[in-house]
Amino acid sequence: MKTLLKRTLPVLAAGMVLTQQLWSAGADDPLRATLIMDKFEVLDNSEKSREWEGSFYVGYDLDKLYVYSQGAATSEGLEWSQNEFVYSHAIAPFWDIQAGIAYDKNADASKTWAELAIAGLAPYFFETRAALLLNSDGNVGLRLEAEYEALLTQKLILTPSLEADFYTKEDPELGIGSGLSDLEAGLRLRYEFVREFAPYIGVTWEKTFGTTRDYNPVDETSFLVGVRFWF
Amino acid sequence: MKRRTFVKGAAAVSLAAVAASGREAKALPRQASSASVLEGREFFLHIDYAPVNFTGKEAVATAINGQVPGPTLVWQEGETVTIHVTNHLKKSSSIHWHGIILPAPMDGVPGISYDGIAPGETFTYQFKVRQHGTFWYHSHSGYQEQTGMYGAIVIKPKRKEPFAYDRDYTIVLSDWSDEKPTSIYRKLKLSSDYYNYNRRTVGDFFSEVGKKGFTKAFSDRKMWNTMRMSDRDLSDVTGYTYTYLMHGNTPATQFKALFKRGQKIRLRFINGAAMSIFDVRIPGLKMTVVAADGNHVKPVTVDEFRIGVAETYDVIVEPKSQRAYAIFAQSIERSGYALGSLTPSADKLAKAPKMDKPQPLTMSDMGMDMAKAGSKGMKMPMKPYRWKAMEAQKYPVTPLPMATGPQSTMKAMSPKYRLEDPGVGLRNNGRRVLTYADLKNRYTTRHAKKPDREIVLHLTGNMERYMWSINGIKYADAEPLLFHYGERLRITFINDTMMNHPMHLHGMWSDLETGDDSHLVRKHTVLVQPGSKISYRVTVDAKGAWAYHCHLLYHMAGMFRKVVVV
Numbered sequence: 001m002k003t004l005l006k007r008t009l010p011v012l013a014a015g016m017v018l019t020q021q022l023w024s025a026g027a028d029d030p031l032r033a034t035l036i037m038d039k040f041e042v043l044d045n046s047e048k049s050r051e052w053e054g055s056f057y058v059g060y061d062l063d064k065l066y067v068y069s070q071g072a073a074t075s076e077g078l079e080w081s082q083n084e085f086v087y088s089h090a091i092a093p094f095w096d097i098q099a100g101i102a103y104d105k106n107a108d109a110s111k112t113w114a115e116l117a118i119a120g121l122a123p124y125f126f127e128t129r130a131a132l133l134l135n136s137d138g139n140v141g142l143r144l145e146a147e148y149e150a151l152l153t154q155k156l157i158l159t160p161s162l163e164a165d166f167y168t169k170e171d172p173e174l175g176i177g178s179g180l181s182d183l184e185a186g187l188r189l190r191y192e193f194v195r196e197f198a199p200y201i202g203v204t205w206e207k208t209f210g211t212t213r214d215y216n217p218v219d220e221t222s223f224l225v226g227v228r229f230w231f
Numbered sequence: 001m002k003r004r005t006f007v008k009g010a011a012a013v014s015l016a017a018v019a020a021s022g023r024e025a026k027a028l029p030r031q032a033s034s035a036s037v038l039e040g041r042e043f044f045l046h047i048d049y050a051p052v053n054f055t056g057k058e059a060v061a062t063a064i065n066g067q068v069p070g071p072t073l074v075w076q077e078g079e080t081v082t083i084h085v086t087n088h089l090k091k092s093s094s095i096h097w098h099g100i101i102l103p104a105p106m107d108g109v110p111g112i113s114y115d116g117i118a119p120g121e122t123f124t125y126q127f128k129v130r131q132h133g134t135f136w137y138h139s140h141s142g143y144q145e146q147t148g149m150y151g152a153i154v155i156k157p158k159r160k161e162p163f164a165y166d167r168d169y170t171i172v173l174s175d176w177s178d179e180k181p182t183s184i185y186r187k188l189k190l191s192s193d194y195y196n197y198n199r200r201t202v203g204d205f206f207s208e209v210g211k212k213g214f215t216k217a218f219s220d221r222k223m224w225n226t227m228r229m230s231d232r233d234l235s236d237v238t239g240y241t242y243t244y245l246m247h248g249n250t251p252a253t254q255f256k257a258l259f260k261r262g263q264k265i266r267l268r269f270i271n272g273a274a275m276s277i278f279d280v281r282i283p284g285l286k287m288t289v290v291a292a293d294g295n296h297v298k299p300v301t302v303d304e305f306r307i308g309v310a311e312t313y314d315v316i317v318e319p320k321s322q323r324a325y326a327i328f329a330q331s332i333e334r335s336g337y338a339l340g341s342l343t344p345s346a347d348k349l350a351k352a353p354k355m356d357k358p359q360p361l362t363m364s365d366m367g368m369d370m371a372k373a374g375s376k377g378m379k380m381p382m383k384p385y386r387w388k389a390m391e392a393q394k395y396p397v398t399p400l401p402m403a404t405g406p407q408s409t410m411k412a413m414s415p416k417y418r419l420e421d422p423g424v425g426l427r428n429n430g431r432r433v434l435t436y437a438d439l440k441n442r443y444t445t446r447h448a449k450k451p452d453r454e455i456v457l458h459l460t461g462n463m464e465r466y467m468w469s470i471n472g473i474k475y476a477d478a479e480p481l482l483f484h485y486g487e488r489l490r491i492t493f494i495n496d497t498m499m500n501h502p503m504h505l506h507g508m509w510s511d512l513e514t515g516d517d518s519h520l521v522r523k524h525t526v527l528v529q530p531g532s533k534i535s536y537r538v539t540v541d542a543k544g545a546w547a548y549h550c551h552l553l554y555h556m557a558g559m560f561r562k563v564v565v566v
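Protein sequence lines correspond, in order, to chains A and B. Mind the numbering: the first sequence is residues 1 to 231 in the working numbering, read in order. Mind the numbering: the second sequence is residues 1 to 566 in the working numbering, read in order.
Some hints here could point you the wrong way.
As the list claims (entries may be wrong) - Examples of chain B residues toward chain A, derived with CB under 7 Å:
| id | residue |
| --- | --- |
| 1 | Tyr49 |
| 2 | Pro110 |
| 3 | Tyr114 |
| 4 | Ser192 |
| 5 | Trp224 |
| 6 | Asn225 |
| 7 | Val540 |
| 8 | Ala557 |
| 9 | Gly558 |
Claimed, not checked - Footprint (simulated), chain A over chain B, 3 or more residues, beta carbon under 8 Å:
| id | segment |
| --- | --- |
| 10 | 74-84 |
| 11 | 128-142 |
| 12 | 196-202 |
Bear in mind the hints are in silico, worked out from the structure with no lab data behind them. Glycine included, C-beta positions come from ideal geometry on N, C-alpha and C.
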């Protein structure tokens, strides 16, 4: 963690100095920060779960610090959450490589992982991210996400999404089995009143597989309502 | 109304009636705070914040002498002008004289020509006026140009011009936003299509499926999809935030140019916008283009012309009937327009015509070989043989550093000279549209020296990350370009992006190759179409350091080079 900061802070500082030098035009690459809450929703399932998925970043064109967070809470409190803190560096026009730590937490346990990820825009405009995780138990995880935005009109946008989690080892504390653990497919229809604010309705299907089913047998389809926002 | 000056679109008759050569046009009544006309040898300009209201909401502009646009400056060719510019802003400022041939320290680019004008300071510019025609001036500091710091320059010629006219109006086109420029830029960085409300929809795809079948529709999309490029990416900032202004007037308040039947009217169009390329026409009237970027061209009569940011065109029109004609300037992406009236009386206003539908970009805008791509997207008279001579020109090419990486997405595989292509949005629209192929210098350039050498500059960028550069290297990381004093240099641009870039070289003329070497048209700003190639020649006759950049304000910081003439 410390070394990560040691590495990134000079990059950020150097960037700030560079932007100061350009005065015959606006600053080319100003420091910027944004919070994007892609999913902030209530599911119509038995637990009436409230789920979120979002990211925050601060940085420049090619180098950023990201915080990703997603999870679910019920009336009884936090059900699960996955959080990541990564340094992101552009390696290709549409791709960033990311390194950092991930922190999973559920009602009873938590676990920290080392993380290496690749994120970007795949051909055919699929927003994708693949994260490889390793924890001190020697468990290796792979989390894949893909999302597509289909414009029905300029403001009405349909977003199919797919997420899959894999692990090499069973982890009773986190309630995950080895192999394909969890698959989630979603379809959300949002209306962008403005780019920054878009309420949506949707449906999500989630299923757990293998030994994960022993801890957490899920196979359900839920309707949902939520709001996407950023600033 | 309070005592302070309101620079309001509502200013009734903002007639920049400039004294026409030979016959003095009467200065028409003018209300306070519309762009005034200052004529003489010595000028006092004051840069200050000024309240404006273009949108129904009060905002603060950075204005010159309290006006947006700033006063039209009228100079006389051959005279020496002295301009005292006082900066009353809290930030450093500057004024650059766009297209004016002058000594480098007078050029007004902070960090290159001088240090800028510090708050509270006065800088005095003084130089001999060695040209005539229509030019303009603007701030070259930060985003001050976006917030109102621009104005027209009209230079009266020593000798009688080779065309006649009765009235003379200067029309500065611009774009205004109540948003802060830094906020616009941040939004573009976060989401480059933020302002684009003409993106491809599912419906667009299915209507293509309906027209040509699924397989063909899908395969036509293949290139765009694999390259992750949008054929709807025509302009980064649009009418979503912009109010388009015609000489400081909104489409609601309208700029007005008066005429009497039978008169010949000279209209001097200047694109002083930050980001907006305009397509200009006056429905019902033919326009005879007599000058481009201040320099006389062989007259060419058209229905419409595209004016890139920072370009100027002088046209002559002859209204035949006693009605109000719309001076209509729609933005390239068709999200809005600037509007004025050419009218026999100030209370008679023209109605805006319907805006054209936006056209998507084609494979040729991507720099693809049309024959190989097998697309029939662009049905226009392509006469490639005309440009063979230009293709065949070979001069020693000085290699320049080139970088690839995350900062640039695409490379034009087969960039072509597309001088007779009016450009996206104007193709096959049924009107006679001016193209660069129509522009011929009024005077011979036959005796001009042949180029000694050539440099090739690729215009590069990454729309997804909203990064812009030249040869894949942004200004902050680039070495200056070295030009040699006394040489004749050929510069070829290859546009590796999907956007039009108006490229402006300071201090020296850009003699554009438009198919006739004996009449190279003299410009200061050249609009480089997406995926295309274009060449011009520069006589390197101005020592010192100069700026060379894309004139789109939010591209400029990256797509910029310092030129050093040694």
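Outcome, coverage hint (the segment 196-202 of chain B, chain A; C-beta under 8 Å; three residues)
holds (count 6)
Chain A contact restraint on Asn225 of chain B - CB to CB distance below 7 Å
Because about 4 Å separates Asn225 of chain B from the closest Cβ in chain A, which is inside the 7 Å limit, the hint holds.
Does Ser192 of chain B hold up as a contact with chain A if the rule is Cβ-Cβ below 7 Å?
Hint on Ser192 of chain B: violated, closest Cβ of chain A at ~11 Å, above 7 Å.
Hint check, Tyr114 of chain B versus chain A [nearest Cβ-Cβ separation less than 7 Å]
Result: violated, 11 Å to nearest chain A Cβ.
Gly558 of chain B was flagged as interface toward chain A. Is the shortest Cβ-Cβ separation under 7 Å?
holds (5 Å)
Chain A over the segment 74-84 of chain B, status - at least 3 residues with CB closer than 8 Å
Coverage by chain A is violated for the segment 74-84 of chain B (0 residues, Cβ < 8 Å).
Checking hints one by one. Is Trp224 of chain B an interface residue toward chain A, by the C-beta closer than 7 Å rule?
violated (9 Å)
State whether the coverage of the segment 128-142 of chain B by chain A holds or is violated, taking the criterion as 3 or more residues with Cβ-Cβ distances under 8 Å.
holds (count 3)
Per-residue hint verdict: Val540 of chain B, partner chain A, C-beta under 7 Å:
violated (21 Å)
Is the interface hint for Pro110 of chain B satisfied, with its Cβ closer than 7 Å to some Cβ of chain A?
holds (5 Å)
Could you check if Tyr49 of chain B really has its C-beta closer than 7 Å to a C-beta on chain A?
Tyr49 of chain B check fails; min Cβ-Cβ to chain A is 18 Å, beyond 7 Å.
Hey, does the Ala557 of chain B contact hint survive, CB to chain A under 7 Å?
It holds, given that the least Cβ distance between Ala557 of chain B and chain A is near 3 Å, below 7 Å.
Violated hints, listed in ascending order, are 1, 3, 4, 5, 7 and 10; each of the other numbered hints is respected by the structure.
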